[in-house]
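Chains as they are written, first to last, in our numbering: chain A, 1 to 733; chain B, 734 to 956.
Quick caveat, the hints were computed from the structure, so don't treat them as lab data.
Keep in mind that a hint or two might mislead.
As the list claims (entries may be wrong) - Simulated restraints, written as ranges between beta carbons of each label pair:
1) LEU707(A) x GLY803(B): 30 to 38 angstroms
2) ASN281(A) x ASP930(B): 23 to 31 angstroms
3) ARG748(B) x ARG705(A): 57 to 65 angstroms
4) GLY803(B) x PRO428(A): 48 to 56 angstroms
5) TYR773(B) x GLN587(A): 21 to 29 angstroms
6) GLY341(A) x GLY898(B): 33 to 41 angstroms
7) ASP762(B) x ASP544(A): 29 to 37 angstroms
8) LYS607(A) x ASP816(B): 50 to 58 angstroms
9) LYS607(A) x GLY803(B): 20 to 28 angstroms
Note that beta-carbon positions come from the ideal geometry of N, C-alpha and C, so glycine has one too.
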Amino acid sequence: MAKTFSFLAGSLALENRPFHFKSVEIIRTVFDECHGYVGYKLTTLGRASDDDVPSFLVLTQEHGVVLIDVVEERVLEVVSSGGGEYWRTEDGRHVLARDFATDLYEEEVHSRLKNDLTLYDRKSRRAKTPIRSVIVFCKNKQDEIDQLIDADTAQAVGIPIESLQDWLCEIPKTYQCSSDELGRLYALLEGTFVYENKETLVEEVPLTTVNEYIQRSLRTTFKQDDAQRVASMQLTPGPQRIRGLAGTGKTIVLCLKAAITHKRFSDFKVLYLFNTQSLYNHVQTLISKYYTVEAKKAPDFEKCVQVLHAWGGRQKPGLYSRVCEQYGLVPLTLKDALGKGDALAYIYKDLLQRLGDQLKPEYDLILIDEAQDFPREVFEVAFKLAKGNGAEKRIIWAYDEFQSLRDTEIKGPSELFGLGPDGKPNLPDSVLDGKYAGDIPKDFVLPNCYRTPRPILMTAHGVAMGLYTKRPSEMFYHPADWQAIGYRVNEPRALMITAGDQVEIERPDENSRNILEDLLRQNNKKPLKLVQIEGFGSNDEQTDFVAKKIVNLTQEQGVSPDEIIIINLKSGSNKESMLALQRVLTQKGIKSVIPGYVESADVFKPKDHVTITTPFRAKGNEANIVFVVNAQRVASDFTLRMRNAFFVAVTRSRGWCYISGYGSGMGDLIAEVESIKQDFPKFRFECPPQEVIQSSKSFLNKSDRELGKIQEMLELIDKNPELRQLLVDRSQD
Amino acid sequence: MRYAQAHQGVLNAKRILAPITQGDSITCDAPSRLISWDNYKSGIMKGRYYPLEYQRLIDLHQYSILMTDGSFFQFFYQFNEIDVLQRARLAYYPRPINTVDSSDDLMLEAEQALDREDEFLYEHLFNWIELLEQGMSIPTNTSHIRFDYDKFVTSHAPAHLQFGGVQNFRLPANFCPLPLAFVQMCQALIEKINPIDSATLGFERNNVMKLADQLELIRLAAE
Numbered sequence: 001m002a003k004t005f006s007f008l009a010g011s012l013a014l015e016n017r018p019f020h021f022k023s024v025e026i027i028r029t030v031f032d033e034c035h036g037y038v039g040y041k042l043t044t045l046g047r048a049s050d051d052d053v054p055s056f057l058v059l060t061q062e063h064g065v066v067l068i069d070v071v072e073e074r075v076l077e078v079v080s081s082g083g084g085e086y087w088r089t090e091d092g093r094h095v096l097a098r099d100f101a102t103d104l105y106e107e108e109v110h111s112r113l114k115n116d117l118t119l120y121d122r123k124s125r126r127a128k129t130p131i132r133s134v135i136v137f138c139k140n141k142q143d144e145i146d147q148l149i150d151a152d153t154a155q156a157v158g159i160p161i162e163s164l165q166d167w168l169c170e171i172p173k174t175y176q177c178s179s180d181e182l183g184r185l186y187a188l189l190e191g192t193f194v195y196e197n198k199e200t201l202v203e204e205v206p207l208t209t210v211n212e213y214i215q216r217s218l219r220t221t222f223k224q225d226d227a228q229r230v231a232s233m234q235l236t237p238g239p240q241r242i243r244g245l246a247g248t249g250k251t252i253v254l255c256l257k258a259a260i261t262h263k264r265f266s267d268f269k270v271l272y273l274f275n276t277q278s279l280y281n282h283v284q285t286l287i288s289k290y291y292t293v294e295a296k297k298a299p300d301f302e303k304c305v306q307v308l309h310a311w312g313g314r315q316k317p318g319l320y321s322r323v324c325e326q327y328g329l330v331p332l333t334l335k336d337a338l339g340k341g342d343a344l345a346y347i348y349k350d351l352l353q354r355l356g357d358q359l360k361p362e363y364d365l366i367l368i369d370e371a372q373d374f375p376r377e378v379f380e381v382a383f384k385l386a387k388g389n390g391a392e393k394r395i396i397w398a399y400d401e402f403q404s405l406r407d408t409e410i411k412g413p414s415e416l417f418g419l420g421p422d423g424k425p426n427l428p429d430s431v432l433d434g435k436y437a438g439d440i441p442k443d444f445v446l447p448n449c450y451r452t453p454r455p456i457l458m459t460a461h462g463v464a465m466g467l468y469t470k471r472p473s474e475m476f477y478h479p480a481d482w483q484a485i486g487y488r489v490n491e492p493r494a495l496m497i498t499a500g501d502q503v504e505i506e507r508p509d510e511n512s513r514n515i516l517e518d519l520l521r522q523n524n525k526k527p528l529k530l531v532q533i534e535g536f537g538s539n540d541e542q543t544d545f546v547a548k549k550i551v552n553l554t555q556e557q558g559v560s561p562d563e564i565i566i567i568n569l570k571s572g573s574n575k576e577s578m579l580a581l582q583r584v585l586t587q588k589g590i591k592s593v594i595p596g597y598v599e600s601a602d603v604f605k606p607k608d609h610v611t612i613t614t615p616f617r618a619k620g621n622e623a624n625i626v627f628v629v630n631a632q633r634v635a636s637d638f639t640l641r642m643r644n645a646f647f648v649a650v651t652r653s654r655g656w657c658y659i660s661g662y663g664s665g666m667g668d669l670i671a672e673v674e675s676i677k678q679d680f681p682k683f684r685f686e687c688p689p690q691e692v693i694q695s696s697k698s699f700l701n702k703s704d705r706e707l708g709k710i711q712e713m714l715e716l717i718d719k720n721p722e723l724r725q726l727l728v729d730r731s732q733d
Numbered sequence: 734m735r736y737a738q739a740h741q742g743v744l745n746a747k748r749i750l751a752p753i754t755q756g757d758s759i760t761c762d763a764p765s766r767l768i769s770w771d772n773y774k775s776g777i778m779k780g781r782y783y784p785l786e787y788q789r790l791i792d793l794h795q796y797s798i799l800m801t802d803g804s805f806f807q808f809f810y811q812f813n814e815i816d817v818l819q820r821a822r823l824a825y826y827p828r829p830i831n832t833v834d835s836s837d838d839l840m841l842e843a844e845q846a847l848d849r850e851d852e853f854l855y856e857h858l859f860n861w862i863e864l865l866e867q868g869m870s871i872p873t874n875t876s877h878i879r880f881d882y883d884k885f886v887t888s889h890a891p892a893h894l895q896f897g898g899v900q901n902f903r904l905p906a907n908f909c910p911l912p913l914a915f916v917q918m919c920q921a922l923i924e925k926i927n928p929i930d931s932a933t934l935g936f937e938r939n940n941v942m943k944l945a946d947q948l949e950l951i952r953l954a955a956e
């Protein structure tokens, strides 16, 4: 059973507050069975400083809101001055009286609740949600406390820490709100309500066209799920990895971490590093939206929160160009890096060679989005730029889980962050083991997919891993790894899955947040039709099918052409095949673009145009309708590259996905997809031995030339039965 | 020439170019008597390096017909409410073609330029030699060709032929052609086009817009 009461540690792990940790333990014990969470200084609700915020905010379905402020130091007396009340503490400081501060904060909670009439009664001007406050003294006795807090004026009660448990137990469990109401409470108090797509009142029309279904499915309000919330609201005192598929909310989690850190530690310097140019505005907007409401001012993108592309262009600074400028280096240009393999790896390697140990730690927090796209040189530079020593460096990177298919394995910290002067890894893999204080996992997994409907996602996973073939290409032997990508292992019920086991794995409905599947079911339509696969006799027939389908979608089903992308899996002469497809579309009056081949690479999904592209260029993009064409080589491709490309292509869709190809190769793929659909929403297969997986994957690391040769050889064997016989004879010798 | 004829003219061009058409953005708006292309943006880029100009127009889909060889045509005609042609623009943008000079050729020229103390040419050539030798880039000297008509212009001839690379050079004409006639002018530049012979151009010949005779350089022969 999943835990229902969580702890959002915020920045607590970064601070030395022993009584706070003690209080948290008490709170967690008392509320263990409740539904909700306790958060440390989660949000200032727009108050100027964190000092004005009570230590803990508890939200539960059973109790409503409980504010708990923990006073670590001994308080001597109350001093009134200039319209405020202050406490003098034993170390001689004067602080704002906590009961006064907590009362003010309680008012802010009140104001937030006013935004939602299910939580607030306008007539009586009272919140429907109960709000309670308590000030917990750690070094004062009850009689002293009664002197400090005037029970007649203060809303909050004062108690010594010894009484906390009893006080909490006595709160009546009478609120009992719905989980939907709890969700709204979360969003309002955390400030994430700014990300909701404000729903203007729309009349409910019966759904008929494809577009109506998709638009309805996109209209749901954004709500952070528990995993995202926990990941965003925790600031770690060292490295952390966030894993998740495309569409699980990695970017929003990193943006919230950036905004919260900026709010909480205004002198911190934060770096947000990413790889896709188009993310620039998106990231800044996400950070601003949250920060502006919470801090009542705009974030400082100049000095404090630097959102940088890894390289940078002429107009927009990147980390590379900025570092070069700072250290007076002439930056290499794209031209210099041409033909040198991975261009980013080349320039960062050059940077390390030229500057190496001169690079000075500069950032208090480094967030790396799309980490799977970066070569290790970038991580090494990030390591050098982060303040602190080794495992104290606050570097948080978001990794797309399924990249483990492209590489043989997900790269661990020891491989990413380079070697120290002693030849040992800068960060050993063990830095991701276990948890930080405050129950913060060092390796965090976001299991819920928001973009891709479940039938499409499972088709993509099933084919990419080859689960329904004789030679699967990927297998997770630990149930936790399945959980990480949003599946539950039904059989075998064991800690490990071993070769030969009959495996049953299910994708629970709640891990796919795209509601299209439900919408279709409610309207007596078949959700499995979201994925359709068809084989044709010739390329012309395939092209004709795609063109006709697009005409139907745009003219009958209300789909806008720019919400359609066609992804061509053909390797080799793919330009000519895309141009040919475009000509047929032109003849049917459908306009299209081929970014990177005709138009520039960034001309993606322009208005009124269908986008024709390759899996590589489609990465990071999404569309309501995706056509995956020329899939005839997927099933037979021994290198697995086709299966990877297939995965990337299919998961671009947030609505329907049409897979097609021509020739004899399609039969196997159709059979695979149909068996996946048959077992939906489960996978049933026999667990393959590790050696099979290893040998399947062994081709991933070979160069294109080697693979080309092997391919030639295989074709030769296919064409010559006598050669085949020769091989069989030989292997028997 | 009236709107109806320009409309027919553009359809003729479309039909002839159909076998080599890659993209088609032609729009014909009868109520406003306008022949143009989708998302029409006015103005031309001046002083831009041609490959950049070409790519920018492709990205913004500023063409009537894009052809399989990557070149494209623009056809634009605007008539007023009493069906009199106000402005027209017919342009052909070839795909940028690399020059064929080797770096040795350029080096020789550069040295000679230096002898003549022509520092501008020397610098220019020398930069290109560097790029050529790194295998980075090859210069092009392609440019677009266009036929403009503007009823109200006074500073130069209302109808003229012009070349993208040489901004202020205009060959005045005493006519404004229909699209297919312009296509025929350019046909030698287009790959895989079916030759357009004069016989095909009957409609174009009969409906060309003739202007009052001045001292034009290009003129239609009297028939």
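- Message: The hint says 50 to 58 angstroms between LYS607(A) and ASP816(B); measuring C-beta to C-beta, is that right?
- Response: 32 angstroms, violated
- Distance restraint evaluation - LYS607(A), GLY803(B), Cβ atoms, bounds 20 to 28 angstroms: Holds: the Cβ-Cβ distance is about 23 angstroms, inside 20 to 28 angstroms.
- Task: Could you check the hint for me, namely that TYR773(B) and GLN587(A) are 21 to 29 angstroms apart, CB to CB?
- Result: Holds - the Cβ-Cβ distance for TYR773(B) and GLN587(A), about 23 angstroms, lies within 21 to 29 angstroms.
- Task: Check the following: the C-beta atoms of GLY341(A) and GLY898(B) are separated by a distance inside 33 to 41 angstroms.
- Result: 38 angstroms, holds
- Item | C-beta pair LEU707(A), GLY803(B): status relative to the range 30 to 38 angstroms that was hinted | At 31 angstroms between Cβs, range holds.
- Is it true that the C-beta distance of GLY803(B) to PRO428(A) lies inside 48 to 56 angstroms, as the hint says? About 53 angstroms separates the Cβ atoms of GLY803(B) and PRO428(A), which means 48 to 56 angstroms holds.
- Satisfaction of the hinted span 23 to 31 angstroms by the C-beta atoms belonging to ASN281(A) and ASP930(B): 54 angstroms, violated
- Message: Just to be sure I understand the hint, the distance between the Cβ atoms of ARG748(B) and ARG705(A) should be within 57 to 65 angstroms; is that true here?
- Response: 47 angstroms, violated
- Query: Is it true that the C-beta distance of ASP762(B) to ASP544(A) lies inside 29 to 37 angstroms, as the hint says?
  - Reply: Cβ of ASP762(B) to Cβ of ASP544(A): about 31 angstroms, so the range 29 to 37 angstroms holds.
Hint compliance for this structure: hints 2, 3 and 8 are not met, and every other hint is.
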